Amino acid sequence: MSDALLRNGVTIDDSFAEAFPMKATRIVITAHNLTWARHAAVAATGFATSVIGCGCEAGIERELGPGETPDGRPGLAVLFFSMSGKELAKQVERRVGQCVLTCPTTAVFAGIQVGEAIALGKNLRFFGDGWQISKVIDGVRYWRIPVMDGEFVAQETTAVVKGVGGGNLLLLCRDTDTALAVAEAAVLAMKALPNVVMPFPGGVVRSGSKVGSKYAALSASTNDAFCPSLYGLVDHSELTPHTRCVMEIVIDGLTEADVGAAMRAGMQAGIAIGVAGGLLRISAGNYGGKLGPFHFHLQKLLAGGGVE
Amino acid sequence: MSGWRFTLKQAPALRVDLRGITPTALEGLSAADVERLPVGCGNAMLALAELFGIETLTSDALVFDADLARFDRVGWHMSGGLMRVEGSVGHHAGGCMSAGELVVKGDAGALAACEMAGGTLTVEGHVGDFAASTLPGSMDGMRGGSLVVKGHAGARFGDRMRRGSALVFGDAGDFLASRMVAGTIAVGGRAGAHAGYGMRRGSVVFAAGPAAVQPGPTFVPAIADAGVIWQLLARDLARHGGPFARLATMRIERHLGDVAAGGKGELILAAP
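In the order they appear, the protein sequences are chains C and G.
My numbering puts the first residue of the first sequence at 1, with every later residue one more than the last.
My numbering puts the first residue of the second sequence at 309, with every later residue one more than the last.
So that you can see chain G by itself, here it is in the shape it has in the complex:
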């Protein structure tokens, strides 16, 4: 038995650091072992059982039947298995995860999927600033896997992102894909100011077309055909549905940049 259901006993007075509570870490542990697992709460450590009622599941998943908005680092360094949170989560959700699947039914705070290297993080609600980006002081942001945000995203989405796919079904804030190194970002709604600021490579797709973004002055319109790579990319994004479902049938216009950082990135504006 490696599946567990966690039910919040009461909302903690201080923020809780849930790092270390992953499917891989809990695999093979007894109920007593799981109950004793330490988690940080403020400047103290608590046993997991002090915060949650814990019961076993027949499936292999870790299910949090709770709103974890005051819990940070949910799925931090996750390396396999499935975690599902029936409510919201705090900051750093899915940070540095390398495999597995983390599903958040509510919102996520800042730095969701930061430095993610593999696996999938799905947030049914909104994410805060710096999702799919880098930890402070680090050179590379998200470097693999998939982040899917069904709601809106805050500022600096995909900052320094290097690889992988990050999708926002709704709007994205300012400085979308800033300093992006490579990878793919797709936005279903509108973007804030300065999209692609300082991006070196990578693709940012706007499913809502030219109205979704105003390319900055350091981007140049592309005149060349890129139909082949667009079809490959659009068909891959289409599997996520929503605003991306019909991308492959859309015309595109591209803007290349940021020419201040080499100009090998592209903003792709799809229009029916």
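Excised from the complex, chain C in its bound form:
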């Protein structure tokens, strides 16, 4: 704490967030209007908060206007992250099959064109029971699957690229009200940036975890050092008596720079609220450099620096 930085009364730890490589893809979901595109996107990115139990991490990146989509309809860009290309392919196919194909008026397209191809509509086409039609347009293959509102159009594949998962901020606050306000502001600022998603509910996670557990079967368990309920009970608590609520924001991005930019934007949003608004300290989760190769130093990010 001796090297901590103070900004608007908020202590910025001399610490870093530790992130790890993931496999990522972007898909574009369009629909008759934004409401139905959002229904599909929300469903497809549901139960996708953490690879620990969900198989992938996913979120809505941003809204797309009619001028930005292949079919000229409103849509949403959705990012998926997983620990392997194989698992990502499985998750994307299941989620698109159950949540996008099923949703009225939707169509789905690749949001990244260059990279290893994984199936998007390639296998879903068999739902057409022989009535599916392939259409190659400008070298890209689409599948037209007859459904009860017309046809579901899906690009055959989407591309997988390397991504970065696990960027994070810990927002140590005075109480629940201020912690929620700070976290919401930080998430809002991050959502304005491209190529990142915050996969937890509302972008915020209250059950931050540490690696390992006293139970051998568990790979992760509660981050006891940041649990106010364990203040005074664990000898390595990071909290003070005034820090009664901690929220974490986890960021997955397509590149290190994207994650770093999002963390910077989140910190700046929190600092703008300041200690007067209840944000006492900003820290980050790391595991001594053992978890992943991407280290996002909080103070360097604030100074406009990059990552290591």
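The hints are simulated quantities; they were obtained by calculation from the structure and are not laboratory data.
Owing to the predicted nature of the structure, the values given are computational and were not obtained by experimental measurement.
Quick reminder that beta carbons are idealized off the backbone N, C-alpha and C, glycines included.
A few of these clues could be false.
Keeping only pairs whose Cα atoms sit at most 25 Å apart, straight-line, the calculated PhoX-like set for lysine-lysine is [unchecked claim]:
(1) C:K86 with C:K122
(2) G:K458 with C:K122
(3) G:K572 with C:K135
Stretches of chain G that chain C covers, calculated by requiring three or more beta carbons in the stretch to come under 8 Å of a beta carbon on chain C [claimed, not checked]:
(4) 527-537
(5) 540-548
Just a few of them, taken from the derived set where beta-carbon distance is under 8 Å, the chain C residues facing chain G [stated by the list, open to error]:
(6) I52
(7) G55
(8) G72
(9) D138
(10) Y142
With chain C fixed as given, assemble chain G onto it according to the hints.
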């Protein structure tokens, strides 16, 4: 230096088979080598220099400053580079080409782009019968690439076509897209009788709307919306301009067929 300009010395008495004269085949050859290249004329073989004056170009293109209406198989099996003919060409132009670009400023004879697999053939004038179709006895016609005809097309345009795009800015003859397996055909003008006869899959777009074609009795009107694929297709066709430039803004009606061959093909009639 791999670019060459060919100037016709005099019109040949017999038809000439120009197969083998492609940018790839001429790459790296000396002027003497190019002059000695054999081409078929009637039942004899002639050296290329007997028919053309040959000079080098600073660009990589093969340019024929001549009317090649009596020359067949121009760009036959072309696999890259650029060929430009300032006049017309004979039959089989761009046949079996797999890559590259062939531009014909005049007309092309029968079987243009037959069994084409890639690349682009642009004919500024008209094409004869069986363009984008199959060689006699073969199962599949055009199977990739783009054929763009700025004028009119003869009969059997796209016969047995399997993949790729074939566009006619003007009218098309009878049996347009007959036995079509898949791919996209777009016609700016009117089509003759029996459009889509025996087609299994594929899309035939008529930019001039319902007046351009009379769907046969083995086609059924589509009642379902297909707006998404139409936008993808229309936007791709629009880049060719002309009658296709505003397709994406048009309403469509579709007719599905040929139900005698599975019914997975479609005639798309666009109307402002």
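Evaluation of the provided hints:
1. C:K86 with C:K122: The given pair, whose Cα atoms are some 15 Å apart, holds under the 25 Å limit.
2. G:K458 with C:K122: violated, 35 Å
3. G:K572 with C:K135: Distance of about 11 Å is within 25 Å: holds.
4. 527-537: holds (count 6)
5. 540-548: holds (count 4)
6. I52: violated, 36 Å
7. G55: At 29 Å from the nearest chain G Cβ, G55 of chain C fails the 8 Å test, so the hint is violated.
8. G72: holds, 5 Å
9. D138: holds, 5 Å
10. Y142: Hint on Y142 of chain C: holds, closest Cβ of chain G at ~7 Å, below 8 Å.
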